[in-house]
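**Q** Given these sequences and hints, build the entire structure.
As you go down the protein sequences, you meet chains A and B in turn.
For the first sequence, the residue numbers in our numbering are 64 to 175.
For the second sequence, the residue numbers in our numbering are 4 to 117.
Quick caveat, the hints were computed from the structure, so don't treat them as lab data.
Treat the hints loosely; a few may be bogus.
To be verified - Simulated restraints on C-beta separations:
#: 1; chain 1: B; residue 1: 44; chain 2: A; residue 2: 142; range: 28 to 36 Å
#: 2; chain 1: A; residue 1: 140; chain 2: B; residue 2: 17; range: 18 to 26 Å
#: 3; chain 1: A; residue 1: 146; chain 2: B; residue 2: 87; range: 33 to 41 Å
#: 4; chain 1: B; residue 1: 64; chain 2: A; residue 2: 78; range: 36 to 44 Å
#: 5; chain 1: A; residue 1: 64; chain 2: B; residue 2: 67; range: 21 to 29 Å
#: 6; chain 1: B; residue 1: 89; chain 2: A; residue 2: 64; range: 20 to 28 Å
#: 7; chain 1: B; residue 1: 42; chain 2: A; residue 2: 146; range: 22 to 30 Å
Where is the CB? At the ideal position from N, CA and C, for every residue including glycine.
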Amino acid sequence: AQSVTQLGSHVSVSEGALVLLRCNYSSSVPPYLFWYVQYPNQGLQLLLKYTTGATLVKGINGFEAEFKKSETSFHLTKPSAHMSDAAEYFCAVYNQGGKLIFGQGTELSVKP
Amino acid sequence: SAVISQKPSRDICQRGTSLTIQCQVDSQVTMMFWYRQQPGQSLTLIATANQGSEATYESGFVIDKFPISRPNLTFSTLTVSNMSPEDSSIYLCSVGDFAEDTQYFGPGTRLTVL
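**A** Shown next, in the form of structure tokens:
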């Protein structure tokens, strides 16, 4: 069965610092992986996804993620954090039934 | 990507009452889903809304508590019945886009039950 583990329920970085949000998955088939962002009092917005092909995926707002099969990871990064990046971030994987399985989420705080 | 709207955006309800949440999509979609996000938690799939047939519920969710309608390919409703404070959550509608292998989410309905 597919599952997702996000390491760290809360991450705090300074403005301008590197953002690294960790996601590891478990899947018995080639995974489709996603990162979503939820800003305060809003719904979920798709940041980026990996289905097939290039393992380094670029998304919106300067975020990118790299699919590493050997490490079963799909970590989200951004070279320089902005105050506007403060939000909840969810990693997700499709299961074999075509349903999204979400991680527990990581709250990102950005300090001035 | 599809544009998804939900009504109401938020509501405060009394225990024992029911609330119906509407989800409208700007294009025809095959797959529509309803999720619950309890305070401080991740998203949990409630059910898949099937057009023209009964919804498919996930373990732990039942039709009597969360009846779902899907009269056409652009609209669905979720009713939260006989509410208790434990039902206070964000309820999100999402649609599946097979061409993009992606799900898109609505803005959510924030429900508080007193």
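**Q** Hint by hint, note whether the structure agrees.
**A** Cross-check of the supplied hints:
Hint check: residue 44/B to residue 142/A, Cβ distance near 30 Å, so the stated range 28 to 36 Å holds. For residue 140/A paired with residue 17/B, a C-beta distance near 46 Å fails the hint of 18 to 26 Å. Between residue 146/A and residue 87/B the beta carbons are some 38 Å apart, a value that agrees with the proposed interval 33 to 41 Å. For residue 64/B and residue 78/A, the Cβ-Cβ distance of about 41 Å falls inside the hinted range of 36 to 44 Å, so the restraint holds.
For the hinted restraint 21 to 29 Å between residue 64/A and residue 67/B, the CB-CB distance of approximately 28 Å keeps it satisfied. About 27 Å separates the C-beta atoms of residue 89/B and residue 64/A, a value consistent with the hinted range of 20 to 28 Å. For residue 42/B and residue 146/A, the hinted distance range of 22 to 30 Å is satisfied, since their beta carbons lie about 24 Å from each other.
Hint 2 alone, counting from the list given before, is not met by this structure.
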